[in-house]
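Protein chains: 2
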Amino acid sequence: MTKQLNIMANPLIRDRLVDFLLNEVLHVSDLCDLPEFEDYSTETFDLLLDSVRKLARGPMFETYREMNDAPAHFDGKRVITSERMKDLYPRLVELGMTNATRPKDAGGQQLPCVIMGVCAAYLSAANVSATCFATLSIGAGHLIEAFGSHILRERYMAPIYSGEWTGTMALTEPHAGSSLGDVATKALPTDGEHYLISGSKIFISGGDNSFSENIVHLALARIEGAPAGIRGISLFVVPAKRLEGTDLVDNDVTPTGTFHKMGWRALPSIALTFGEAGDCHGYLVGEPHRGMRYMFQMMNEARIGVGLHAAATALVAYEESLAYAKERPQGRALKGKADGPQVNIIEHADVRRMLLRQKAISESAFALVLICGQYMDLSRYATEAAERERAEKLLELLTPVTKTFAAEQGFESNALAVQVLGGAGYTSEYLPEAWLRDQKLNSIHEGTTGIQSLDLLARKVFGTGGASLVGFAKEIALTIEAGKSAGVEESWLKALETATADVGELSQVLGMRAMADAEAGMRHSHDYLDMFGTLVIGWVWVRLATAASRGIKNGGARADKSFYDGQLRCAQYWFANEMPRVKELARRIEVGDDSYAAMDHDSF
Amino acid sequence: MTKQLNIMANPLIRDRLVDFLLNEVLHVSDLCDLPEFEDYSTETFDLLLDSVRKLARGPMFETYREMNDAPAHFDGKRVITSERMKDLYPRLVELGMTNATRPKDAGGQQLPCVIMGVCAAYLSAANVSATCFATLSIGAGHLIEAFGSHILRERYMAPIYSGEWTGTMALTEPHAGSSLGDVATKALPTDGEHYLISGSKIFISGGDNSFSENIVHLALARIEGAPAGIRGISLFVVPAKRLEGTDLVDNDVTPTGTFHKMGWRALPSIALTFGEAGDCHGYLVGEPHRGMRYMFQMMNEARIGVGLHAAATALVAYEESLAYAKERPQGRALKGKADGPQVNIIEHADVRRMLLRQKAISESAFALVLICGQYMDLSRYATEAAERERAEKLLELLTPVTKTFAAEQGFESNALAVQVLGGAGYTSEYLPEAWLRDQKLNSIHEGTTGIQSLDLLARKVFGTGGASLVGFAKEIALTIEAGKSAGVEESWLKALETATADVGELSQVLGMRAMADAEAGMRHSHDYLDMFGTLVIGWVWVRLATAASRGIKNGGARADKSFYDGQLRCAQYWFANEMPRVKELARRIEVGDDSYAAMDHDSF
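Here the protein sequences come in this chain order: V and Z. Residues in the first sequence are numbered from 76 upward in steps of one, following the numbering used here. Residues in the second sequence are numbered from 76 upward in steps of one, following the numbering used here.
Accuracy of the hints is not assured; some may be wrong.
Copies of one chain are not kept apart here, so a pair can be met inside one copy or by any two copies together.
DSS-like mimics (lysine-lysine), calculated; alpha carbons at most 25 Å apart, straight line [as the list claims (entries may be wrong)]:
id : residue 1 : residue 2
1  : Lys412    : Lys261
2  : Lys569    : Lys628
3  : Lys569    : Lys179
4  : Lys658    : Lys569
5  : Lys549    : Lys179
6  : Lys261    : Lys316
7  : Lys152    : Lys410
8  : Lys316    : Lys468
9  : Lys412    : Lys569
Don't read these hints as lab results, they were simulated from the structure.
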């Protein structure tokens, strides 16, 4: 069936929103004062963003449906990816998507993470699978750059950054899943520089493709005789083809099949076998047995990246459902005449609710991702050590929330986009159902929501003795001050203050409880993450409302007034409808219901 | 990729749960005392259920994956449905799935709706698309039975009930969607018995197939000169082939394409054109201009049916994720040694949370569907008029909740089933992702969630001047009494009582508000439905906990103790985690946030 309605071209993400976040909320021009970013200015950022928008709204988005309809597949020997990637990948490389944030001396462009975040968001909103061939590569290269030898950097990192080769992370194994300490792939030392690798990996995104000359896997393996558990795992470069002199030689890495995924269909998730013929060379990255430590140092970036994909996937669906709601006539207004003309569905209160809820979720998730991007930049390059440390600590605390809020509430947001389109939304004649399928991955990969909730409560809150919360409360206090001076609605500021105090108190109670009984202290980690995420997004909305209030005060064209009002309506919505959940969740966690914990297995 | 784990065969729905609901909660044997059901007994119910289980767990479930992977498609002229339907449909017919609840004098078997509900739930859990070819047919036949002439019943209803032909509902049109008053298909009177029909319909489930001899569409159309809006719409029988004497003659009904749906892939949703060649005969059902009224009289049944599909889709996924969690080793217990053996993931608190949440949602949704089934039976056949009326009123009130709770919370439940399986859950090597896609339809068809919320608040609550709520409060009071005598946890009974009072008070406030300003009174209809649904499910859990407490008191085998404990844990979970939302939602609705209502279109 062909499309029934010719709705407005999807902007993916609105430029005005990006401009607002970068310039009015985050003041990214300040970053250009740092020596490492001195080559950049808001003008050069804009030039880059212009090119990215053209690529995203053009070839990337134009190929999304086709690539979604004809997923990458396994031909029995190799994985066949879309022909379109042969054109798209070089374009992504040309825009720096395989090296932008890396330092110049490593062959990168030293672009602030926050700007790269915006670029990746446009591209992911357009075509998340195609984009991730590049962002997975930059992640793999980054690991070699950070921990690998000079030789590994030259031989295996440089061709990734330059876009000749692609890179992957090969972590998961069939029996281990989230439990990486159980990795069983073996690394046997040899007389040469290399180890002999043998084992099986699954769920390797981009683990094979038909457009790049070579693929470099960053693989976890266990050196013979290593200690059990996560302290015995090492990191290796395991290329599909290895360099011998200047020759590329087959390295005994065998794709054995693809998984059929519900979304992300252009990026194959594959199973790989290393060393079927006993000739798979792996090159140790850094020191033995430190593989998990290295991976963890990349974890924040990877998880913020998931939050970014999730926010982008929610944003593009919001834009599509909004355009549809503005153009689709159906039914009458509540006070309208039964025989009058139909109104567009944006007139119906419940459709407006679904639209504003999507906006409130997706735009705040995106803002939070960019806030984290800015913390990444400051944690690396801020002039003062105290400022670097402050940014680092906030980033640590906010990472599990940024990933999970965007993934979980993003999924709800994407479901609402389908719902706005009604029956049409359930069909693949329209795109929202594809985005809903894409979104579901984000609560699973790079650590499930359950893992994030343990990370937040055990590691980030209990693990810092609550210091992380104290640090965040200081940020919130500054935000409230700024909000006051900008004239932000008093009741929102008060609610943010109260919610912060509630979370602090509950956290102390829980810390005491965990000391006496770890299980009881951790039992409601999911509720804790939900509660904390709701608070964090309240903080984000006050920051955005502050910038919007300033914008209105400073005057501006009619279109800007509409934009700023939209931000204030989101804040209003959040404080009326979501912030009260903080107290309710805190109460519930404190009560500590033991229903699922105490239940017999046979009673499920 | 092949399946990694050999988990237990999926029971679809556990027989013990069905036995509990039918015999210990609903006491269906009482129905057999009614004259209309005197031919039945719990033994004959069991015989039927045994046959249904065999079909559901055998051929129906065995073909689900294949039918999902190779959706029905349009060959340019006709819709090609799965070859398997040629075997499955006669089996469904043999079990009475095309006429079971219809009266004997109409060719049916006069089976109680509540028993039919259980049959349909097993079959839908196994293969919802395949099942619905039959349940859509019974719905179409029922309309002719209720409102059609003797001739129409003989010629077009009888072959549907006997399973020779299938039936559909042809309501939606491209420009009208949920707004049926805007139907534009034309019916031109002729000198003969028939009208000439012309127009286009979309989203016609089962609108064509390649296994039945004929398809009878129940179509809404407007007789020339009819009043505008819903008061000008008539109902017609429009067969794909019409009977002329004993011959079947092509009736100018042309399939023009299928919609590609995200789920329900074996049941084609198609577009049809009537009267392309000016020779499409339609036969008026009942009187002119009363089509919408007739449809509305079938609406409860259709909507409860959607709730049933939704509950079944959540139940089967719960069973699958539970079996997986019991068999899948990964990670260590919180207090376990890091180098000890892995535990099965059901040991992890957050996995248990996800399982209990699924159980609490899916089993209560199913119970509510069966409660409504029982009200249907009583509303038709109870001996006392007062009893019939009581059942009818409760059914009216509970219908939008039954549909929506199962569809919306069911979607969350199905997402949790995917999440329990982690990365595996995102692949089609396992079935939960398919059920998640199936589930999304249920918040959309037979009236979207938005429509249900308007129906509940405007029609069922305000429209009865609150009498429906008073009636329901009486039922709740009886439930609380029974709970007390069975020794159900006092705090749950108290919470149910308080929540009932809160909803009552809020409804009065809202009624006053709506009289002054309809928009303001209806603005939070979605929150109202959410709140009311939470209360209703609290009521359901007290009913189930009461029966479970009685069961424990009466003794019983070890397995039964486990089963009953499971019911009590669900009740505990609901009252600890969900019931507090009733007060919070009531508060929020009373405050009446106007964020989305007052927002400019340009600010979205």
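Verification of the hints:
no.: 1; hint: Lys412 to Lys261; in the structure: between (74 Å within a copy, 23 Å between copies)
no.: 2; hint: Lys569 to Lys628; in the structure: within (22 Å within a copy, 51 Å between copies)
no.: 3; hint: Lys569 to Lys179; in the structure: neither (46 Å within a copy, 67 Å between copies)
no.: 4; hint: Lys658 to Lys569; in the structure: both (13 Å within a copy, 22 Å between copies)
no.: 5; hint: Lys549 to Lys179; in the structure: neither (35 Å within a copy, 75 Å between copies)
no.: 6; hint: Lys261 to Lys316; in the structure: within (19 Å within a copy, 68 Å between copies)
no.: 7; hint: Lys152 to Lys410; in the structure: neither (64 Å within a copy, 44 Å between copies)
no.: 8; hint: Lys316 to Lys468; in the structure: neither (40 Å within a copy, 72 Å between copies)
no.: 9; hint: Lys412 to Lys569; in the structure: neither (43 Å within a copy, 45 Å between copies)
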